[in-house]
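Q: Taken in order, these protein sequences are the chains called A and B. Numbering-wise (the working numbering), the first sequence opens with residue 1 and increments by one. Numbering-wise (the working numbering), the second sequence opens with residue 485 and increments by one.
Just so you know, these hints were derived from the structure itself, not from any lab. In this text, a Cβ means the ideal position worked out from N, Cα and C, and glycines have one as well. Any given hint could be a false lead.
Dumping the calculated SDA-like pairs for lysine to any residue here, alpha-carbon to alpha-carbon at most 25 Å [said to hold, decoys possible]: (1) A/Lys411 x B/Asp523; (2) A/Lys383 x B/Leu540; (3) A/Lys383 x B/Gly532; (4) A/Lys383 x B/Asp531; (5) A/Lys478 x A/His2.
For each label pair, taking beta carbons as the anchor points, the in silico distance ranges come out as [what the hints assert, rightly or not]: (6) A/Asp251 x B/Asp558: 49 to 59 Å; (7) A/Phe265 x B/Leu498: 15 to 25 Å; (8) A/Lys16 x B/Arg547: 20 to 30 Å; (9) B/Thr507 x A/Lys407: 39 to 49 Å; (10) B/Arg557 x A/Lys233: 14 to 24 Å; (11) A/Phe265 x B/Gln544: 39 to 49 Å.
Just a few of them, taken from the derived set where beta-carbon distance is under 7 Å, the chain B residues facing chain A [unchecked claim]: (12) Ala499; (13) Ala502; (14) Leu521; (15) Val528; (16) Thr530; (17) Val533; (18) Leu546; (19) Lys548; (20) Val551; (21) Pro554; (22) Leu563; (23) Pro565; (24) Leu571; (25) Tyr572; (26) Pro575; (27) Val577.
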Amino acid sequence: MHQLTIAEIIRGLREKQFSSVEITSHLLERIQQLDGQYNSFITVTGEQALREAAAADARLAEGNAPAMCGVPIAHKDIFCTNGVRTSCGSKMLDNFVPPYDATVVDNFLQAGAVSLGKTNMDEFAMGSSNESSYYGPVKNPWDLERVPGGSSGGSAAAVAAQLVPGTTASDTGGSIRQPAALTGTTGLKPTYGRVSRWGMIAFASSLDQGGPIARTAEDAALMLSVMASSDKKDSTCLDRPTQDYTANLKDSIQGLKIGVPKEYFGEGLDSEIGARIQEALRAYEKLGAELVEISLPHSKLAVPAYYVIAPAEASANLSRFDGVRYGYRCENPADLRDLYMRSRGEGFGEEVKRRILVGSYALSAGYYDAYYNKAQQVRRLIKQDFVDAFQKVDVIMGPTAPNPAFKLGEKNADPVAMYLEDIYTIATNLAGLPGMSLPCGFAHNLPVGLQITGNYLDEARMLNVAHQFQQASDWHTKAAPVAE
Amino acid sequence: MAVDAQTVEKLAELARIAISEETIDEVSNRLGDVLQLVDQLQAVNTDGVEPMAHPLDAVQVLRKDEVTEPNRRDEFLALAPQTEAGLYLVPKVID
Chain A
1 MHQLTIAEII RGLREKQFSS VEITSHLLER IQQLDGQYNS FITVTGEQAL REAAAADARL
61 AEGNAPAMCG VPIAHKDIFC TNGVRTSCGS KMLDNFVPPY DATVVDNFLQ AGAVSLGKTN
121 MDEFAMGSSN ESSYYGPVKN PWDLERVPGG SSGGSAAAVA AQLVPGTTAS DTGGSIRQPA
181 ALTGTTGLKP TYGRVSRWGM IAFASSLDQG GPIARTAEDA ALMLSVMASS DKKDSTCLDR
241 PTQDYTANLK DSIQGLKIGV PKEYFGEGLD SEIGARIQEA LRAYEKLGAE LVEISLPHSK
301 LAVPAYYVIA PAEASANLSR FDGVRYGYRC ENPADLRDLY MRSRGEGFGE EVKRRILVGS
361 YALSAGYYDA YYNKAQQVRR LIKQDFVDAF QKVDVIMGPT APNPAFKLGE KNADPVAMYL
421 EDIYTIATNL AGLPGMSLPC GFAHNLPVGL QITGNYLDEA RMLNVAHQFQ QASDWHTKAA
481 PVAE
Chain B
485 MAVDAQTVEK LAELARIAIS EETIDEVSNR LGDVLQLVDQ LQAVNTDGVE PMAHPLDAVQ
545 VLRKDEVTEP NRRDEFLALA PQTEAGLYLV PKVID
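Sequences are here, hints too, so could you generate the full structure?
A: Written as structure tokens, this is what we have:
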């Protein structure tokens with residue numbers, strides 16, 4: 001039953017092939033048996049899940065069940081869940097039990113989905129390997145000595161190991177797409193503002209965006225149809241009508257113009273990954289698409305601009321963790337200054353502290369114009385590259401990550417080397433565009449991700465383009481060996 | 485670009501994060517690496533480029549100033565490490 005996709009589960013439940021309680025119990029058992037080796041969950045909410053599943057079965061029997069009624073999912077531990085500990089992968093929030101649900105969590109509850117628990121992640125979503133979690137690293141189901149990517153490493157690994165068919169995740173610089181690539185799953189980061197950030201613990205507010213990780217583009221479309229909404233509680237959430245993202249999946253892509261940025265195939269790209277991407281592009285040609293070489297001349301500046309903007313916004317956002325209102329407080333503070341200094345010094349991990357300090361530097365007196373303002377100007381140049389490209393093409397394609405999954409500990413000591421793993425994904429966040437990663441083969445026996453970047457609010461077309469590839473290939477059906 | 489220990493101490497003070505003496509060199513080196521990376525921006529000509537705050541240039545939405553949330557003070561106070569009489573408790577600030 002764990003091999004079923006969300007689309008198949010929805011059908012199976014409605015045709016009474018199995019009940020929500022049956023599939024929920026089955027997956028909970030799998031998590032209990034197998035997750036010791038992956039560490040993809042921080043919290044499993046078994047009893048609550050079975051209660052929700054029983055309620056879903058009752059609604060299904062009545063015949064008026066909502067879209068995802070009875071479908072098991074899991075939430076990244078960045079989304080606040082009413083009554084369930086929400087740690088954001090940090091010691092700082094190890095004891096934090098929110099009294100409310102994030103809008104995304106509420107949307108899934110309204111749609112009848114059953115949550116199995118909360119998935120592991122890099123601390124405060126800062127990382128590309130899931131090694132910065134206070135709850136220990138997540139292991140890649142394709143090779144337990146390797147990382148699953150990050151920061152949504154738990155969400156990606158849980159799907160790859162077939163512990164759950166779909167998970168919520170978040171992407172600030174590649175945190176959905178890069179782990180999807182490294183685990184052979186399908187992940188989607190929507191247009192900035194398409195999914196509400198309310199109740200999603202903030203890292204860099206102008207870049208953060210929630211989205212799904214699943215095994216197919218069709219499942220990602222089903223999940224996005226639930227996740228996307230307008231939200232009065234998030235003023236940056238777009239006040240535009242949402243849609244059924246599965247409606248266009250079957251459209252022909254005859255005549256589709258695919259932009260291939262020359263900057264994404266240069267130095268630093270693993271040659272086997274490059275070969276897999278070229279093969280995927282050939283497959284698209286066979287489906288009737290046309291390849292157009294394009295240039296994104298400011299690509300090289302995306303990582304430097306990001307490592308000003310994201311830490312600057314993080315330093316402001318994370319000032320709320322002060323040891324006074326919630327979260328960790330140090331033992332026996334001597335005075336208020338000592339309470340702040342030690343609560344934050346002891347409650348945050350190394351990477352989080354490093355980014356807060358970088359952000360404090362970039363925002364401090366005398367440096368604001370040279371760093372933050374300059375980075376925001378460069379950001380507009382990067383966005384303009386994409387705006388120009390989308391005059392000529394419908395979607396942009398290239399590799400999601402320059403390397404396949406690396407070994408645990410391999411890049412830990414060198415933050416800059418780790419940052420460069422997001423070299424192809426970061427520009428999408430800076431521009432606010434939607435992006436996807438889908439499996440397109442293997443390099444060094446590890447999954448490779450094809451990145452699709454779409455125009456603003458063009459998620460339906462991106463999903464159509466991904467679905468058509470998956471109809472003509474079977475990479476997305478390959479299961480991690482240890483998942484059997 | 486190197487960052488000296490004094491700068492790290494100043495940043496730690498601004499960010500209210502205690503950094504132990506033993507790790508200060510390590511932190512200085514790593515911060516230096518990151519600042520070297522971001523210094524690539526200085527070579528770019530951005531004359532006349534408007535800084536970008538929101539990708540779709542959205543503006544702040546206005547709404548009526550109405551009470552829409554119930555008072556849940558006790559639930560929120562229950563999350564705090566220390567409270568008394570409906571207030572957050574911190575070490576003495578004024579003598």
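Q: Let me know if the C-beta of B/Tyr572 comes in closer than 7 Å to any C-beta of chain A, holds or violated.
A: 5 Å, holds
Q: Does the alpha-carbon distance linking A/Lys383 and B/Gly532 stay inside the 25 Å limit?
A: 16 Å, holds
Q: Any CB of chain A closer than 7 Å to the CB of B/Leu563?
A: It holds, given that the least Cβ distance between B/Leu563 and chain A is near 4 Å, below 7 Å.
Q: Closer than 7 Å between Cβ atoms is the bar; does B/Val533 clear it against chain A? Give me holds or violated.
A: Result: holds, 4 Å to nearest chain A Cβ.
Q: Range first: 49 to 59 Å. Now tell me if the beta carbons of A/Asp251 and B/Asp558 are that far apart.
A: 53 Å, holds
Q: Given the hint of 15 to 25 Å, is the C-beta distance from A/Phe265 to B/Leu498 inside that range or not?
A: 42 Å, violated
Q: Holds or violated: is the Cβ of B/Ala499 closer than 7 Å to a Cβ in chain A?
A: 4 Å, holds
Q: Is it true that the CA of A/Lys411 sits at most 25 Å from the CA of B/Asp523?
A: Cα-Cα ~22 Å, so holds.
Q: Min Cβ distance, B/Ala502 to chain A: is it shorter than 7 Å?
A: 3 Å, holds
Q: Would you check whether B/Pro575 satisfies its interface hint, that is, whether its CB is within less than 7 Å of any CB in chain A?
A: At 5 Å from the nearest chain A Cβ, B/Pro575 passes the 7 Å test, so the hint holds.
Q: Do the Cβ positions of B/Thr507 and A/Lys407 conform to the proposed distance bound of 39 to 49 Å?
A: Given a distance of about 25 Å, which is not inside 39 to 49 Å, the answer is violated.
Q: Classify the hint on B/Val551 as holds or violated, based on whether any CB of chain A lies nearer than 7 Å to its CB.
A: Violated, about 14 Å.
Of the numbered hints given earlier, the model fails hints 7, 8, 9, 18, 19, 20, 21, 24; all others are met.
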